[in-house]
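Start from the sequences and build out the full structure, keeping to the hints where you can.
Each protein sequence line maps, in turn, to chains A and B.
The opening position of the first sequence corresponds to residue 1 in the numbering used here, with each subsequent residue numbered one higher.
The opening position of the second sequence corresponds to residue 1 in the numbering used here, with each subsequent residue numbered one higher.
No wet-lab data here; the hints were simulated from the structure.
Hints are supplied without guarantee of correctness; some may be wrong.
[Unchecked claim] With a Cα cut of at most 30 Å, we get these calculated DSS-like pairs of lysine-lysine: (1) Lys233(A) - Lys69(A); (2) Lys260(A) - Lys282(B); (3) Lys27(A) - Lys182(B); (4) Lys184(A) - Lys222(B); (5) Lys191(A) - Lys241(B); (6) Lys191(A) - Lys240(B); (7) Lys279(B) - Lys233(A); (8) Lys257(B) - Lys285(A); (9) Lys195(A) - Lys57(A); (10) Lys30(A) - Lys182(B); (11) Lys210(B) - Lys184(A); (12) Lys259(A) - Lys182(B).
[Stated by the list, open to error] Ranges between beta-carbon positions, derived for each pair: (13) Glu20(B) - Lys30(A): 51 to 57 Å; (14) Asp18(A) - Thr231(B): 53 to 59 Å; (15) Gly63(B) - Gln147(A): 20 to 26 Å; (16) Leu197(A) - Glu20(B): 35 to 41 Å; (17) Asp121(B) - Lys233(A): 52 to 58 Å; (18) Lys259(B) - Lys232(A): 17 to 23 Å.
The beta carbon of each residue, even a glycine, is placed where N, CA and C say it ideally should be.
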Amino acid sequence: MNIIEVKNLNFEYPVTDDEGNVVGGNKVLKDINLEIPKGQFVAVLGHNGSGKSTLAKHFNGILVGNSGKVYVNGIDTSDDEKIYDVRQTVGMVFQNPDNQLVATIVEEDVAFAPENLGLPPEQIRERVDSALNAVDMYKYRLHSAHQLSGGQKQRIAIAGVIAMRPECIVLDEPTAMLDPKGRKSIMSTIKRLNKELGITIILITHYMDEAAQAERVVVMDNGSIIMDDVPKKIFSQVDRLNEVGLDVPQVTQLAYELKKEGIDISLEVLTEEECAEELLKIVNKN
Amino acid sequence: MNAVETKNLTYKYSVGTPFETTAVDDISVTIEQGEFVGVIGHTGSGKSTLIQHLNGLLKQTFGEVFINGRNIWDKDVNIRDIRFEAGLVFQYSEYQLFEETVYKDIAFGPKNMGLSEEEIDKRVKKAAEQMGLDEELLERSPFDLSGGQKRRVALAGVIAMEPKILILDEPAAGLDPAGRDKVLEEISSYHKNSGTTILLVSHSMEDIVKYAKKVLVMNKGKLFCYEDVDTVFSMSEELKKIGLDIPQISKLAHLLKQKGIDIGNDIYTVERAKERLLKIIKGNTDA
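Pasting the structure below:
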């Protein structure tokens with residue numbers, strides 16, 4: 001069963017002149033077709049302006065295409081009457097946490113969504129506590145949200161979505177401002193939500209090492225999906241990724257550079273362990 | 001001459017409340033003129049709080065701050081002058097753009113310095129060029145530009161004041177790899193051309209390794225160390241303990257060493273790893 005189905009989706013932002021008259025369109029998404037099965041962990045990669053954030057906004061009906069359809073659990077996202085079902089199914093976490101915090105106290109912010117779902121107080125309490133624990137911010141529950149650091153705020157924003165218990169979470173560069181420790185805690189949180197609760201994860205990111213942890217990587221360029229495969233198959237195409245302004249993990253880059261020098265090494269290495277193993281084979285063979 | 005000097009710098013916030021926290025704890029450090037310094041530390045380690053003292057945005061609870069040899073809180077020093085000397089570019093600086101055109105936005109700082117129209121014009125054009133912004137962009141609205149371009153406009157606005165010290169808080173965060181490289185390359189060439197002292201706050205060890213000569217490491221409000229790049233990144237175990245990470249390629253070098261292949265303790269770039277490995281592999285073949 002697919003939680004998200006995108007069929008021949010096209011989207012353009014209107015271009016206006018100085019008087020505000022529409023004089024044309026800026027095509028951001030071009031004939032996108034994509035199926036995401038329930039429970040999958042998908043990363044969407046692409047440089048700025050590739051259309052990946054615009055696509056993400058179609059997954060819960062923030063944007064609706066000029067032509068083509070997006071279905072969430074079979075519900076057409078352009079159906080206004082069902083939009084709350086869509087938004088309850090697919091939660092979004094955006095890039096900038098400052099724009100997502102609504103309350104002054106951490107736990108009140110996290111409680112915002114469950115309160116709006118009309119849940120009884122004890123359930124709200126339980127959801128808020130478990131969401132805060134999931135992002136390791138429980139001890140900050142009574143702190144003032146705006147006094148936290150950028151990374152801490154982002155974790156609160158993620159907790160706010162987790163508290164809604166959506167079936168699918170779309171995260172648009174959630175770790176951009178976090179330190180390595182913070183990034184790891186977010187990544188392990190995401191993976192735990194995916195594995196233990198079966199929540200479908202769509203992670204939009206620039207970080208190659210994060211995309212490498214997904215089950216599947218979708219690469220976008222210039223409004224189209226240009227690659228869609230398991231991480232190893234994607235990152236071994238170093239030339240192609242460089243062409244569209246994307247990096248590969250350092251160890252993959254190393255393997256690629258060595259191969260150019262005539263060394264017979266597999267490019268399907270993403271982690272230092274995999275790379276070390278390959279190198280050991282080569283050194284021992286010689 | 002020292003560009004920046006702090007003596008026992010300490011900053012506490014929410015003093016007298018249950019939330020009283022020492023964000024910066026007894027920091028004494030000296031940064032020489034013309035240095036390119038990477039500032040690293042986990043979230044909440046005090047690095048943002050520290051840099052906000054260097055142009056007087058925050059006033060320390062104890063200690064002293066000297067910029068170009070002057071105690072910035074001395075009664076004879078006008079703090080406004082210090083802010084022109086030490087330019088600070090915040091995180092997500094594109095949100096600070098506000099003018100109708102790119103030109104006016106970059107001109108805002110120089111205008112406030114009371115410079116002549118002619119000098120302002122010269123500086124705006126020079127700063128735009130240094131940040132790789134085409135002259136045709138100057139009459140555009142800053143809000144029509146891409147994220148990377150906006151970021152470079154914000155940087156040009158600070159550079160146009162020609163500060164002797166340029167402090168950048170995560171200038172590449174949130175940009176894609178191409179935008180990130182462009183911003184950092186422009187900063188690096190500006191550093192080389194102008195000799196400006198640069199403090200670059202970043203979470204990216206790869207970027208720090210590539211651009212900085214020295215690294216200032218913060219941990220829990222304290223100065224963990226201030227050393228050259230080689231020294232800092234050879235302490236990988238210590239860095240891990242304080243929530244920092246080393247580049248993936250350095251991790252590979254450590255792992256290879258454990259498995260009996262020694263390519264050195266000074267591997268931070270793919271380039272160097274490649275050279276050393278080629279020597280080993282081809283050396284074996286020759287033998």
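Comparing the hints with the structure gives:
1. Lys233(A) - Lys69(A): With a Cα-Cα distance of about 29 Å, the restraint between Lys233(A) and Lys69(A) holds, given a limit of 30 Å.
2. Lys260(A) - Lys282(B): Holds - the C-alpha atoms of Lys282(B) and Lys260(A) are around 14 Å apart, at most 30 Å.
3. Lys27(A) - Lys182(B): holds (25 Å)
4. Lys184(A) - Lys222(B): This hinted pair holds, its Cα atoms lying about 23 Å apart.
5. Lys191(A) - Lys241(B): holds (23 Å)
6. Lys191(A) - Lys240(B): holds (22 Å)
7. Lys279(B) - Lys233(A): holds (29 Å)
8. Lys257(B) - Lys285(A): holds (18 Å)
9. Lys195(A) - Lys57(A): Holds, at about 24 Å.
10. Lys30(A) - Lys182(B): Distance of about 28 Å is within 30 Å: holds.
11. Lys210(B) - Lys184(A): Holds, at roughly 23 Å.
12. Lys259(A) - Lys182(B): holds (27 Å)
13. Glu20(B) - Lys30(A): 51 to 57 Å: holds (55 Å)
14. Asp18(A) - Thr231(B): 53 to 59 Å: For Thr231(B) against Asp18(A), whose Cβ atoms are near 57 Å apart, the range 53 to 59 Å holds.
15. Gly63(B) - Gln147(A): 20 to 26 Å: Given a distance of about 23 Å, which is inside 20 to 26 Å, the answer is holds.
16. Leu197(A) - Glu20(B): 35 to 41 Å: holds (38 Å)
17. Asp121(B) - Lys233(A): 52 to 58 Å: Check passed, 53 Å falls within 52 to 58 Å.
18. Lys259(B) - Lys232(A): 17 to 23 Å: holds (22 Å)
Hint compliance for this structure: every hint is met.
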